[in-house]
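Q: The residues making up each chain are set out below.
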Amino acid sequence: MSLQLERVGRTFAGKAAVQDVSFRAEPGEIIGLLGTSGCGKSTLLRAISGLDTEFDGLIEINNKKVDDIQKTTGFMFQEPRLLPWLNVLDNVTFGLEGNREEKKKKAGRYLESVGLADSEKLYPKQLSGGMAQRVAIARALATSPEILLLDEPFSALDAFTKMQLQDLLLEVWRSYQSTMVLVTHDVDEAAYLCDRIIVLRGQPGKVEREITITEPRPRERGSSEQAAYKAEILASLDLTTDTA
Amino acid sequence: MSLQLERVGRTFAGKAAVQDVSFRAEPGEIIGLLGTSGCGKSTLLRAISGLDTEFDGLIEINNKKVDDIQKTTGFMFQEPRLLPWLNVLDNVTFGLEGNREEKKKKAGRYLESVGLADSEKLYPKQLSGGMAQRVAIARALATSPEILLLDEPFSALDAFTKMQLQDLLLEVWRSYQSTMVLVTHDVDEAAYLCDRIIVLRGQPGKVEREITITEPRPRERGSSEQAAYKAEILASLDLTTDTA
Amino acid sequence: MAKNQSEVSGVFTTGSKSQPSTIKPKSPFTHPLLLGSIFPALLVVVWELLSRSEVFPAYQLPAPSVILETIVGMAEDGTLWGHVGITFYRVLMGFLLGTAAAVVLGSLVGFYKHAEALFDPLIQAFRSIPSLAWVPLFILWMGIGEPSKIAMIAVGVFFPVYLNIVSGISGVDRKLIEVGKMYGLNTFQLVRRIILPAALPSFLVGLRSGLGLGWMFVVAAELMGASQGLGYLLVVGQNTLAPETIIASIVLFAVIGKLSDWVLKKLETRTLHWQDRAAKS
Amino acid sequence: MAKNQSEVSGVFTTGSKSQPSTIKPKSPFTHPLLLGSIFPALLVVVWELLSRSEVFPAYQLPAPSVILETIVGMAEDGTLWGHVGITFYRVLMGFLLGTAAAVVLGSLVGFYKHAEALFDPLIQAFRSIPSLAWVPLFILWMGIGEPSKIAMIAVGVFFPVYLNIVSGISGVDRKLIEVGKMYGLNTFQLVRRIILPAALPSFLVGLRSGLGLGWMFVVAAELMGASQGLGYLLVVGQNTLAPETIIASIVLFAVIGKLSDWVLKKLETRTLHWQDRAAKS
Amino acid sequence: TAGCSSSASSEGAPDKIRLDYAYYSPTSLVLKKFGWAEEEFEEEGIEIEWALSQGSNKALEFLNSDSVDFGSTAGAAALMSKANGAPIKNVYIYSKPEWTALVTSKGSGISSLEDLKGKKVAATLGTDPYIFLLRALEAEGVPADELEIVNLQHGDGASALTSGQVDAWSGLDPHMARLELESDAELFYRNPDFNTYGFLNVREEFAEKHPEYVDRVIKVYEKARKWVQDNPEEAAELLAEEAEIKEEVAIKQLERNDFSEPVPGEVHRDALIEAGKVLQESETIDPEANIEELTDELIDPSFAEETISE
Ligand SMILES: Nc1ncnc2c1ncn2[C@@H]1O[C@H](COP(=O)(O)OP(=O)(O)OP(=O)(O)O)[C@@H](O)[C@H]1O
Ligand SMILES: Nc1ncnc2c1ncn2[C@@H]1O[C@H](COP(=O)(O)OP(=O)(O)OP(=O)(O)O)[C@@H](O)[C@H]1O
Ligand SMILES: [Mg+2]
Ligand SMILES: [Mg+2]
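Those protein sequence lines, which keep their order, are chains A, B, C, D and E. The first sequence lines up with residues 452 to 695 when you count with this note's numbering. The second sequence lines up with residues 452 to 695 when you count with this note's numbering. The third sequence lines up with residues 10 to 290 when you count with this note's numbering. The fourth sequence lines up with residues 10 to 290 when you count with this note's numbering. The fifth sequence lines up with residues 8 to 317 when you count with this note's numbering.
Please keep in mind that the hints were generated in silico from the structure rather than gathered at the bench. Beta carbons: idealized from backbone N, C-alpha and C, even for Gly. One should not assume that every hint holds.
If you want the footprint, here are the derived chain C segments under chain D, 3+ residues with CB under 8 Å [to be verified]:
1. 131-139
2. 165-173
3. 240-250
4. 260-271
Just need the whole structure built from these sequences, with the hints factored in.
A: Have a look at this one:
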């Protein structure tokens, strides 16, 4: 599904949080959203998701204006937001449809992918920070949404778990051709995963630069192309600090 | 203050989360704690903080056994844990002592250091993820604790804000000579900040390696020494993935 | 009440008044006050009609207009203020007393497991004793003066406040309590600075529930030798078979109870602005 | 009740029974049951002594032994079970009815702002009307049969449950509601799968509060032509100046009320095990 | 007066007849116990339903809400309800009780109404003991405003007296009987004529539709009354058992009941008019109301006269 933002902005009680953001994501594209803390990345994702309808500007999915929640959109929030009264397995099956067994099987598969096969019966209060985040990832991926919004999905994970899950994400992307918008602070991650990177800057946040990454997948971590893109992204971010 | 752990472990309802961890931190030392998600890093910090007293083994501060909360210990949790009914400023003054004006001034200073001078009056529900984390950092630093436990303090920050706050941390460290234990997933960060790095591995987590970083401060990011240490840490972590 | 604004607009704290342009104009037909009057108005009209057409004979259920006359009559000859005033005073004092007791005991029980084991069973047992049953005991212990009336109302107020405080306290997120502990708060400070604010939503419901029960206990309280008050009015009305007195006292209970609840509800919206609530649809 | 275990040990869910070594042995002197009996026992002993020494004359406050005799007497001639049974039945039915109504209305009001504007003001006004005031109205509307008694108790149960549901719902964290919305839940599903579970702690307090009030309303209910029941017993005791009957009925109210509350409390610990509560000190 | 005799056209038999019983009406207890009403109407398939009245005001609420057809009250209570427009009439007197008197505790130094000046006296506003107190004061020439009347429910008044919170109490049986027996309470002022009698009232609608059934209810009531007169001990036993009071208390209470005059008549009328005036003075009955007219409307002796002279 395609996604289009036109001059999207959001004002909270008179103070602009983000302004004039426009971009287009073609079906199956992975868009990275980078920027300093508080520049409005999460706010943008909320607007795209339909949870927040008070934004200015226009958001279109498949060239149709939307200002409501779409069933085909998945959102992984910045916090894990697990339901505390459900155990890990039930948290993952939460959004799934179909009969009980199927849902369980599917959820179990994703839990295994994120390395939590043993933790199905635990309740959220018994999880470590990274485990909770991985449950949230499994929950978001399990519904195979056509548009997937990811708000710093791997921020609480160690370097190696993070790489595994980045690859998991790409696998899902390959199977379902989801369109993704990924907020991240990790420049390596952005360079490894995204087709295009949008760098926001300032407060209120505005689009500072768009960087297109043409390197075909599978990409190689630590390759010289990756390093070049990384440097480019860093450079564009660096400007941002001047105004922070 | 010195800190000593001897064969510390913790079992939750019959399942060991972490086992046999021993290390010693000299006064003013910065110890890094690295390891895969769920290997027991936060659990160790809780034990050191005195919040959790059900651990096995021995923890000593200044060579005196402790199993209670010490006023001189500061803890920055993995989540921001702001008090939702207090605004940003009051959250930071929360742990401070002294008269109102002084507390406000001190809190204001730290808020400025973390780039939130404008957000003093906001309530937690109005903050972005990274902003909340920065408030938590300001709150933890403002009390100038003699032992400071930091659980992934910069995980939700963009690369540049992160660097600024790492330097802020070093500044605090220079002024107060706090002993610190820092949990992080960021290998660059560990190499830049720590005197010694303890790598945990497995589930239940055990100490896999200890890496001492002798490079004097101020260190230079991206220097070849840093790169070498980083490679060493990554290598020791890499082993860990085999058992994850 | 800015309920139809977005949940994230933070209207309570940042003063959106300076930006009227962002507030959608309210339709006058869905104004809360107007909506809220629909049912009461309907009730009164239907009741008046049924009374006029003698479906409800006057000896059973006098018409609203008759009730209003009764109340206006009492207002004119001045007795109304006496009744309302003294009852209001008793409820207020009882409310303060009962709330204070509930806060102290509730905090103890919510916080110390030995205090819970010690006090809670007895309190829970007393909780289901009807107000009328207390009357003879209170007369025995405290006589028929003002103190026994206020104490009786305090008993009514106590239980819901207590229950909500205890449950509120034990529902406080461990994570926040730990923050307080790390900053070296002692138990008292912990209760004051973390637990009570965090349990505030629950506490406020308790207050509102308790106040309601306080009004209910007025009748039992004023059975104890009162010569004025709404409860007195009700009982005398029942003893003298005077339906308009009975209904007038009911109406007064409803109106004054509602007003006192409204004050607490205002307090609730004021003090809970920090809650991250979803907007109502 | 594993309250003295660490808050992080997750006893409720992972079955620590297999690891008895980690559980500290409880001192028999601080066992909750024992602690809980201290005050009731003390009360009974002091009261008995005071009665024996005639500080309380028997026609005012009979000794506990006399009360016990009265109750045993009723048990032996079988009347006790009639009284307890019928009252229990009425409270149970009233409780179910009142709770059902409160859940429906409370969910609506908690969820839709128009429903709130429409219903809430009237409900809040009715909330402070004493049970005795309802009696003549209920007799008028529903006669003196079982329905009016059950309806009267349902009224008592309704208000606290309603209040707690509404407040529980509006206190639900926006963040969790958004999760539900993202998964395309409709309003009904949202209420069932997110809002009710999240508001459960508040709902359960409401239930316990409501049950308590249900027991209190029994007296008013059984004024409506009952010839059996605890409330009847109390009123007859008061009308025939029989303090032992009065006190016996109070004791029965306390005991049965406590038992019924205990059931709800068990339910509470069962269903709220997922709460991340701090351990009590 | 209306509702003259069984010759008036009736609308046939009622489906059921709803009677009340009350511990202050021993006759009703006897009637219920022996099932004479059920017996009387069994053949016609008319059901008898019993409701317990916990006091005159409850009985009147039941009558006014069409929950019972016959209700037992004190005369004054019936009058007050009539004054508020209740469609009831009194057709039978179930007893002439001396159920109220002025009580004090021993050694209080109170022996006459004169001694009450400046003292606290408990009474339940609007009930027979209250009327009794006011009439007694009037009779003895003591102005009511020289003493403090404390409004307490009957039972609470008794407790307040024994615990010394009031100096005297305008008492009501069986509280009074029990107090006399078990504590040192003394009745220091008695006057059976200041009581307002036990009235059996019927809903006007029922009386109009089924006058002959009113007669027949009176007939069974008569049977019960005679039984009480003939078997005072058994009656006391029955009362004690039903009301769960001690037998001595029941005996004392019954001793103070005179069951000899069942037909409403001039004495009852006069007693009610006197009571009505007192109530008007204290503004519990509208001062504008015509008490004599109300009394005439309320009391309808025709049914009892006819039935009992048969
Ligand atoms: N309260 C609890 N009850 C049961 N198990 C728990 C509890 N807290 C933690 N654990 C378990 O202990 C293990 C270690 O948790 P811990 O939070 O210390 O991990 P961590 O190293 O901090 O991981 P992360 O990097 O993901 O934060 C996990 O397997 C977790 O499931
Ligand atoms: N509910 C709200 N009320 C008022 N202001 C808000 C609200 N939500 C967000 N903001 C403001 O909007 C700005 C952008 O917030 P947002 O959460 O989008 O940042 P972000 O880019 O996601 O940052 P981070 O990387 O720290 O998560 C911030 O300045 C924040 O204070
Ligand atoms: Mg964000
Ligand atoms: Mg952790």
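Q: Take the hints in turn and mark each one as holding or not.
A: Hint-by-hint comparison with the structure:
no. : hint    : verdict
1   : 131-139 : holds (count 8)
2   : 165-173 : holds (count 4)
3   : 240-250 : holds (count 4)
4   : 260-271 : holds (count 9)
Going down the numbered hints, you'll see the structure goes against none, and every one checks out.
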